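K.L.:
Protein sequence lines correspond, in order, to chains B and R.
Add 335 to a position in the first sequence, counting from 1, and you land on the number used in the numbering used here.
Add 31 to a position in the second sequence, counting from 1, and you land on the number used in the numbering used here.
Everything labelled a hint here was simulated from the structure, so no lab data went into it.
Warning: the hint list may mix true and false statements.
Claimed, not checked - Pairs of lysine to aspartate or glutamate, EDC-like flavour, derived with a Cα cap of 20 Å:
#1 R:K34 <-> R:D61
#2 R:K99 <-> R:E36
#3 R:K87 <-> B:E438
#4 B:K354 <-> B:E419
#5 R:K72 <-> B:E359
#6 R:K72 <-> B:E438
#7 B:K375 <-> R:D97
#8 R:K131 <-> B:E391
#9 B:K376 <-> R:E75
#10 R:K34 <-> B:E391
#11 R:K131 <-> B:D431
#12 B:K376 <-> R:E36
#13 R:K72 <-> R:D113
#14 R:K72 <-> B:E379
#15 B:K371 <-> B:E391
#16 R:K87 <-> R:D97
#17 B:K376 <-> R:E32
#18 R:K131 <-> R:E75
As the list claims (entries may be wrong) - Pairwise CB distance ranges, derived in the manner of DEER restraints:
#19 B:H412 <-> R:G84: 25 to 31 Å
#20 B:P404 <-> R:S57: 33 to 39 Å
#21 R:Q45 <-> B:Q389: 44 to 50 Å
#22 R:A100 <-> B:N352: 33 to 39 Å
#23 R:S43 <-> B:P396: 33 to 39 Å
#24 B:R344 <-> R:G84: 39 to 45 Å
#25 R:E46 <-> B:P418: 36 to 42 Å
#26 R:S76 <-> B:E402: 23 to 29 Å
#27 R:K99 <-> B:N393: 27 to 33 Å
#28 R:D61 <-> B:K387: 22 to 28 Å
To be verified - Residues from chain B that face chain R, not an exhaustive set, calculated with beta carbons under 8 Å:
#29 E391
#30 V395
#31 E438
#32 Q439
#33 G442
Quick caveat: nothing in here was measured; it's all calculated off a predicted structure.
Heads up, the beta-carbon is just placed ideally off N, CA and C, and yes, glycines get one too.
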Amino acid sequence: ETGVTQTPRHLVMGMTNKKSLKCEQHLGHNAMYWYKQSAKKPLELMFVYNFKEQTENNSVPSRFSPECPNSSHLFLHLHTLQPEDSALYLCASSQDLGGGGGEQYFGPGTRLTVT
Amino acid sequence: ELKVEQNPLFLSMQEGKNYTIYCNYSTTSDRLYWYRQDPGKSLESLFVLLSNGAVKQEGRLMASLDTKARLSTLHITAAVHDLSATYFCAVTNYGGATNKLIFGTGTLLAVQP
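Here chain B stands alone, though its shape is the one from the complex (with noise of 0.2 Å):
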């Protein structure tokens, strides 16, 4: 695998399902993150994590749980979602965070549906 891989690609869960996102870059990159993309909307930054310590938390409410066991690696757990959080979510890799930090690479990202 190269990049930054994504699994599932589709998920569809109803409202009192727990599942989870997986994230993985092979990269070697020290930050990673997580983004929501719903349609009509630019992407919304949810988390940051760098070297597995997180760094950002945009406001994502509590059913969005996010987990970073170390920097190759970060899950995000739903759980009591919405229909609203029906989206595409994407991880994204960065060498490290601030302004030297480089470009971000993005996986193919999860198409969620919550029925």
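Using the hints provided, position chain R relative to the given structure of chain B.
P.N.:
This is chain R only, laid out in the frame that chain B set:
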């Protein structure tokens, strides 16, 4: 708060024509990115612009940055159908501790034969 605006939001153009997508941002920033997204796919990095007056070209696409005007342009020359996609600009918050990208709303480009 840094805001990024793109226009147009939708662009339908014929093959062989030239056009420009504009990206304005509201506060000082030290770098600007252009990404391409095909339907159902992820974002692909096209250009990174790091300084005032920076110009980068790849094939039929050319990006430029004017930090004084807080404006970047993505110019398409002699469009071909393969360029059909959504194009996003993104700006890094200046001097921030986190490499936080603020994205524009995107421009959906449809190149017609």
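K.L.:
Next, verify each hint and record whether it holds.
P.N.:
Results of checking the hints against the structure:
1. Using a Cα cut-off of 20 Å, the hinted pair R:K34 and R:D61 holds, with the two alpha carbons roughly 14 Å apart.
2. Only pairs whose Cα atoms come within 20 Å are accepted, and R:K99 paired with R:E36 is accepted, the gap being roughly 16 Å.
3. Restraint check for R:K87 and B:E438: satisfied, since their Cα atoms lie roughly 15 Å apart, inside the 20 Å limit.
4. For the hint linking B:K354 to B:E419, the alpha-carbon distance of about 16 Å falls within 20 Å, and the restraint holds.
5. Taking the CA atoms of R:K72 and B:E359, the gap is about 17 Å. The hint holds against a cut of 20 Å.
6. With a C-alpha separation of about 18 Å, the suggested pair R:K72 and B:E438 falls inside the 20 Å cut-off, and the hint holds.
7. Restraint check for B:K375 and R:D97: not satisfied, since their Cα atoms lie roughly 27 Å apart, outside the 20 Å limit.
8. This hinted pair checks out: R:K131 and B:E391 have alpha carbons roughly 9 Å apart, not beyond 20 Å.
9. With a C-alpha separation of about 18 Å, the suggested pairing of B:K376 with R:E75 holds against the 20 Å cut-off.
10. For the hint pairing R:K34 with B:E391, the CA-to-CA distance comes to about 18 Å; that is within 20 Å, so the pair holds.
11. Between R:K131 and B:D431, the direct Cα distance comes to roughly 11 Å. Compliance with the 20 Å bound is thereby established for this hinted pair.
12. Only pairs whose Cα atoms come within 20 Å are accepted, and B:K376 paired with R:E36 is accepted, the gap being roughly 12 Å.
13. Only pairs whose Cα atoms come within 20 Å are accepted, and R:K72 paired with R:D113 is accepted, the gap being roughly 15 Å.
14. Under the criterion of a C-alpha separation no larger than 20 Å, the hint pairing R:K72 with B:E379 is consistent with the structure, at around 17 Å.
15. With a CA separation close to 14 Å, the supplied pair B:K371 and B:E391 stays within the 20 Å bound.
16. With a C-alpha separation of about 13 Å, the suggested pairing of R:K87 with R:D97 holds against the 20 Å cut-off.
17. The straight-line distance between the Cα atoms of B:K376 and R:E32 is roughly 17 Å, inside the 20 Å bound, and the hint therefore holds.
18. Between R:K131 and R:E75, the direct Cα distance comes to roughly 17 Å. Compliance with the 20 Å bound is thereby established for this hinted pair.
19. Distance hint check: the CB atoms of B:H412 and R:G84 are about 45 Å apart, inconsistent with the given range 25 to 31 Å.
20. For the hinted restraint 33 to 39 Å between B:P404 and R:S57, the CB-CB distance of approximately 37 Å keeps it satisfied.
21. The given range of 44 to 50 Å is respected by R:Q45 and B:Q389, whose C-beta atoms sit roughly 48 Å from each other.
22. Under the hint 33 to 39 Å, the C-beta atoms of R:A100 and B:N352, about 49 Å apart, miss the expected range.
23. Take R:S43 and B:P396: their Cβ atoms lie about 37 Å apart, and the range 33 to 39 Å holds.
24. In this structure the supplied range 39 to 45 Å holds for B:R344 paired with R:G84, their Cβ-Cβ distance being about 41 Å.
25. At roughly 40 Å, the beta carbons of R:E46 and B:P418 sit within the given window of 36 to 42 Å.
26. Roughly 26 Å separates the CB atoms of R:S76 and B:E402, a value that falls within the hinted 23 to 29 Å.
27. As the Cβ distance of R:K99 to B:N393 is approximately 29 Å, the hint placing it in 27 to 33 Å holds.
28. R:D61 and B:K387 have their C-beta atoms about 26 Å apart, which keeps the hinted 22 to 28 Å range intact.
29. Checking B:E391 against chain R by beta carbon gives a least distance of about 5 Å; that is within 8 Å, so the hint holds.
30. At a threshold of 8 Å, the smallest CB-CB gap from B:V395 to chain R is about 14 Å, leaving the interface hint violated.
31. Annotation: B:E438 was flagged as interfacial toward chain R, and the flag holds, the nearest CB pair being 5 Å apart, inside 8 Å.
32. For B:Q439, the shortest C-beta to C-beta distance to chain R is roughly 6 Å, which falls under 8 Å, so the interface hint holds.
33. Nearest Cβ of chain R to the Cβ of B:G442: about 6 Å, under the 8 Å cut. The hint holds.
Violated hints, in rising order: 7, 19, 22, 30; the structure is consistent with all others.
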